[in-house]
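*Asks:* Using the sequences and the accompanying hints, generate a full structural model.
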Amino acid sequence: MKLSVNGTIHEVDVDPNMPLLWVLRDELNIHGPKFGCGIAMCGACTVHLDGNPIRSCSFPVSAVKGEITTIEGVGTPDAMSIVQQAWVDHQVAQCGYCQSGQIMSATALLEKNPSPTDDEIDAAMSGNLCRCGTYPRIRSAIKSASASLQAPAIKATEINLNSTQDDTTKAPVAEEA
Amino acid sequence: MGKLGTITRRTFLISAVAITGGVVFGYWKYKQPHGNPLLKDIDEGAGALTPYVLIDQNGISIVAPRAEMGQGIHTTLAAMVAEELDVTLEQVNVLHGPASKAYFNAVFMEDGLPFASLDESGLAEGARSFTEIPAKLIGMQLTGGSTSTYDHYDKMRTAGAAARESLLQAAANKTGIDVGSLSTSNGKVITPEGKELTYNELASAAAEIEPSAEPALKPRSEWKLLGKSQDRVDIIPKSTGTAEFGVDIDLPNMLYATVKVNPNLLNPMNSFDASKAESMRGVKKIIEIENGIAVVATNSWYAFQAIKAIECDWVPANYPVSTDGLRQLVVDSFEGWSNSKNRNDGDVDDALENGEVISGEYEVPFLAHATMEPMNATAWLHDGQLDIWAGNQIPTQVVIDAKKITGLSEENINVKTPLMGGGFGRRAEIDFVKQAVQIAKEMEGVPVKMTWTREEDTTHDYYRPLAMARFEAVMGETAPTAIDLKLAASGVFGAQFGRWGYPLAGPDNSIVQAAWDQPYGVENYRVTGYKAETIFPVMFWRSVGASQNAFFHESMIDELAHAKGLDPLQMRLDMMTDEPSKKVLEKVRDMSNWNQSLPEGHARGVGFCLSFGVPTAQVIEIAEQSGKIKIVNAYIVADVGIALDPRNIEAQLTGGMLFGLTAAIMGEITITDGKVDQTNFHNYNSIRMNQSPNFEVAILENGSKIKGVGEPGTPPAAPALSNAIFALTGKRIRKLPLNKEVDFA
Chain A
71 MKLSVNGTIH EVDVDPNMPL LWVLRDELNI HGPKFGCGIA MCGACTVHLD
121 GNPIRSCSFP VSAVKGEITT IEGVGTPDAM SIVQQAWVDH QVAQCGYCQS
171 GQIMSATALL EKNPSPTDDE IDAAMSGNLC RCGTYPRIRS AIKSASASLQ
221 APAIKATEIN LNSTQDDTTK APVAEEA
Chain B
3 MGKLGTITRR TFLISAVAIT GGVVFGYWKY KQPHGNPLLK DIDEGAGALT
53 PYVLIDQNGI SIVAPRAEMG QGIHTTLAAM VAEELDVTLE QVNVLHGPAS
103 KAYFNAVFME DGLPFASLDE SGLAEGARSF TEIPAKLIGM QLTGGSTSTY
153 DHYDKMRTAG AAARESLLQA AANKTGIDVG SLSTSNGKVI TPEGKELTYN
203 ELASAAAEIE PSAEPALKPR SEWKLLGKSQ DRVDIIPKST GTAEFGVDID
253 LPNMLYATVK VNPNLLNPMN SFDASKAESM RGVKKIIEIE NGIAVVATNS
303 WYAFQAIKAI ECDWVPANYP VSTDGLRQLV VDSFEGWSNS KNRNDGDVDD
353 ALENGEVISG EYEVPFLAHA TMEPMNATAW LHDGQLDIWA GNQIPTQVVI
403 DAKKITGLSE ENINVKTPLM GGGFGRRAEI DFVKQAVQIA KEMEGVPVKM
453 TWTREEDTTH DYYRPLAMAR FEAVMGETAP TAIDLKLAAS GVFGAQFGRW
503 GYPLAGPDNS IVQAAWDQPY GVENYRVTGY KAETIFPVMF WRSVGASQNA
553 FFHESMIDEL AHAKGLDPLQ MRLDMMTDEP SKKVLEKVRD MSNWNQSLPE
603 GHARGVGFCL SFGVPTAQVI EIAEQSGKIK IVNAYIVADV GIALDPRNIE
653 AQLTGGMLFG LTAAIMGEIT ITDGKVDQTN FHNYNSIRMN QSPNFEVAIL
703 ENGSKIKGVG EPGTPPAAPA LSNAIFALTG KRIRKLPLNK EVDFA
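Here the protein sequences line up with chains A and B, keeping their order.
For reference, each letter of the first sequence is one residue, going 71 to 247 in the working numbering.
For reference, each letter of the second sequence is one residue, going 3 to 747 in the working numbering.
Keep in mind the hints are simulated off the structure, nothing from the lab.
Every clue listed holds true.
Incomplete in silico selection of chain A near chain B, CB under 7 angstroms:
1) Asp85
2) Trp92
3) Asp96
4) His101
5) Gly108
6) Ile109
7) Ala163
8) Cys165
9) Tyr167
10) Met195
In the DMTMM-like style, the derived pairs of lysine to aspartate or glutamate whose C-alpha atoms are separated by at most 20 angstroms in a straight line are:
11) B:Lys286 to A:Asp83
12) B:Lys286 to A:Asp85
13) B:Lys632 to A:Asp188
14) B:Lys630 to A:Asp192
15) B:Lys677 to B:Glu313
16) B:Lys632 to A:Glu190
17) B:Lys632 to A:Asp189
18) A:Lys213 to B:Glu698
Beta carbons are placed, not taken as given, at the ideal position from N, Cα and C, and that holds for glycine.
*Replies:* Structure representation (structure tokens):
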């Protein structure tokens with residue numbers, strides 16, 4: 071079967087019941103999404119299916135109809151997304167194992183709702199477990215990323231959340247006063 | 003940005019060609035040192051002095067030989083070297099390095115001594131320094147006990163300073179300029195005329211120079227990195243999905259495995275029937291391992307599916323098969339001999355006989371570590387070599403056990419320690435690494451990555467023991483006049499050291515840790531430990547004995563204050579005998595506005611614990627919301643002696659407190675028919691974003707010694723919350739988890 075991940079189409083030959091996570095990790099060597107629980111309880115495996123966050127550990131690969139984005143497709147060390155940069159600015163990660171999933175959930179939240187309230191942040195992020203207890207900084211980082219999106223000189227809809235690298239090609243449009 | 007890497011054979015071979023072997027610098031002059039492990043794979047003739055600084059054509063590498071499981075230790079240890087070497091963290095590559103006795107933990111035995119951490123008498127200090135000798139002989143490269151920072155504070159600064167002196171001398175020899183006229187800046191030696199010589203170009207010559215064993219260290223006033231918050235060296239990889247954890251190891255033609263071992267813990271398997279599994283898709287091999295089986299497949303998920311289809315006949319448990327039965331062992335231990343009586347001030351029996359006795363009994367359950375990254379290890383037996391990649395807290399023990407399993411000699415066993423998705427003590431037990439080695443032995447020539455399911459992880463932990471406390475006390479007008487505290491639990495120090503092959507003689511201080519040595523003055527004060535029979539697997543769990551004893555001790559103190567209508571925080575202050583501890587409590591009182599009243603439906607609780615040498619006080623403010631308890635605000639003050647990286651310390655304190663709150667609110671492992679009942683995060687859950695309070699943290703530096711903070715944030719959390727619940731509801735909860743008694747929002 072064919073699978074489109076981060077803009078690349080892959081041909082995979084696996085059991086159709088295999089969860090997407092294990093296709094990504096063990097067949098395609100895409101290791102950003104992590105295995106935590108296998109039952110959609112911890113969020114470490116979160117990826118986007120057409121922009122919506124899904125728990126790839128419990129999502130059969132045969133049910134994937136659309137474009138998959140993993141943390142690797144959101145930004146890279148040399149060209150981090152706004153959300154990733156906020157994660158660095160706030161020094162969120164401790165062990166870091168859950169953070170791919172946290173960033174994917176936060177990115178999906180901010181794409182739909184660039185200025186979430188505390189309750190909306192809680193609702194969107196409560197599926198992502200962190201045993202190190204980085205929640206206070208995750209909250210701060212989401213608010214910073216949100217503020218970057220709300221910066222007065224920039225129209226939020228013009229910002230490519232998926233990579234700051236593209237800023238040169240998609241110049242932010244000044245908002246009319 | 004800082005870079006992360008791992009030392010590989012290839013790295014050294016490349017460097018050997020480029021600059022005569024690479025150069026390994028630093029300080030290693032402790033009597034007859036263990037060999038320098040960095041020399042193993044580089045050319046002879048390299049100037050090998052110590053195992054912390056390596057300069058090759060790729061730049062400068064610093065070996066930070068402790069498990070990075072989230073606590074930020076790679077950054078802090080690298081900063082110690084970088085500070086003295088005069089380089090920036092952006093300039094260096096930080097490595098965990100190989101397994102080696104040279105990286106032994108010199109201080110981990112101190113916590114086993116019957117001296118309180120605040121005791122700086124000649125006897126206590128002498129005993130502490132004496133523990134370094136057996137520690138060195140054992141040569142245990144162990145991450146734990148919040149020891150990494152203070153164990154390395156002198157060693158690694160000295161390594162950086164000695165390397166810098168050798169580089170300066172090399173520059174002096176080369177230029178003919180007096181060494182006193184040369185200076186350094188950001189990885190270069192600078193002449194009075196402003197000419198710059200890079201460390202890299204000086205490295206080979208510097209290696210020929212015998213380094214000073216006691217180079218001058220910078221005074222704190224000249225620090226550029228230490229004392230200031232640093233960006234973690236792993237922060238960009240961990241924010242972009244590019245950090246490599248054990249579970250991410252990828253090798254050519256690698257296969258994937260999982261295991262299933264007897265859920266009647268540590269007991270053998272009678273037999274198994276794999277007839278269904280053998281023909282399942284992707285299955286390559288089914289292997290019998292110690293106490294169970296492994297399936298090797300072309301994908302982890304195929305292995306997970308196949309192992310479910312294997313039927314095993316397990317040997318029944320050799321321990322009481324229910325929580326109640328295991329609990330009874332703890333109850334019974336109170337009737338046996340005491341295991342320790344480290345504190346016995348005044349005449350407790352007399353005071354209890356002649357006073358009005360207040361008494362109570364407390365209890366906490368077994369707990370699992372539940373690291374986010376399930377246990378996993380990769381092993382590859384090929385060409386007479388065994389390569390192991392495993393996130394673990396004790397790589398020297400991995401070598402010892404791999405040698406036993408394979409019969410290989412130590413020099414043919416290469417242990418790589420990648421980043422860890424949490425540890426909390428769990429990865430100091432290396433049962434999972436031994437399994438991967440057993441698989442590798444049956445799969446010679448093929449690298450195999452073995453990953454546990456979450457179910458295997460939750461049900462095959464080595465648990466924080468179920469523990470109990472009984473107290474009797476007499477109150478005076480402003481403080482207790484007598485306290486008799488009896489503590490009972492399995493002995494985790496003895497259990498874990500025994501598994502490593504070092505049976506523990508004498509008392510097991512984990513049972514009374516952070517209870518007997520608290521800086522409270524009470525005229526008649528006795529703390530007695532009782533060791534329950536230790537046959538169910540238990541071990542270190544973030545903050546070890548302090549994880550239960552702070553709840554016991556600080557709930558008791560709170561009860562005693564309320565019995566006399568005293569302010570519980572003020573009573574603690576009145577009892578404090580240690581100045582830094584007192585300042586910690588005063589600070590948390592002021593930060594939390596303790597003396598100001600709260601709105602209706604809100605209440606505060608306080609908890610204090612001196613653990614791992616760090617006095618830590620926490621105040622929690624809770625609110626009632628529709629009959630449920632919501633944690634609104636949390637305040638933490640800790641004294642670490644010297645704060646090397648304040649932002650990282652804050653992260654450890656808040657994270658440690660949340661870890662403690664999870665345990666307090668909902669943590670519980672139970673046993674039925676010999677097996678652990680909880681299996682995954684649906685029935686062994688954690689605090690999530692919506693339950694995480696606002697935090698305010700202050701770090702003080704009044705203590706006389708530098709201390710580590712991986713653990714001290716955890717112990718006061720449970721009593722602070724439980725004491726707040728009492729303040730709000732009048733309900734004194736003496737048994738964890740709290741959600742058995744109250745609902746949480």
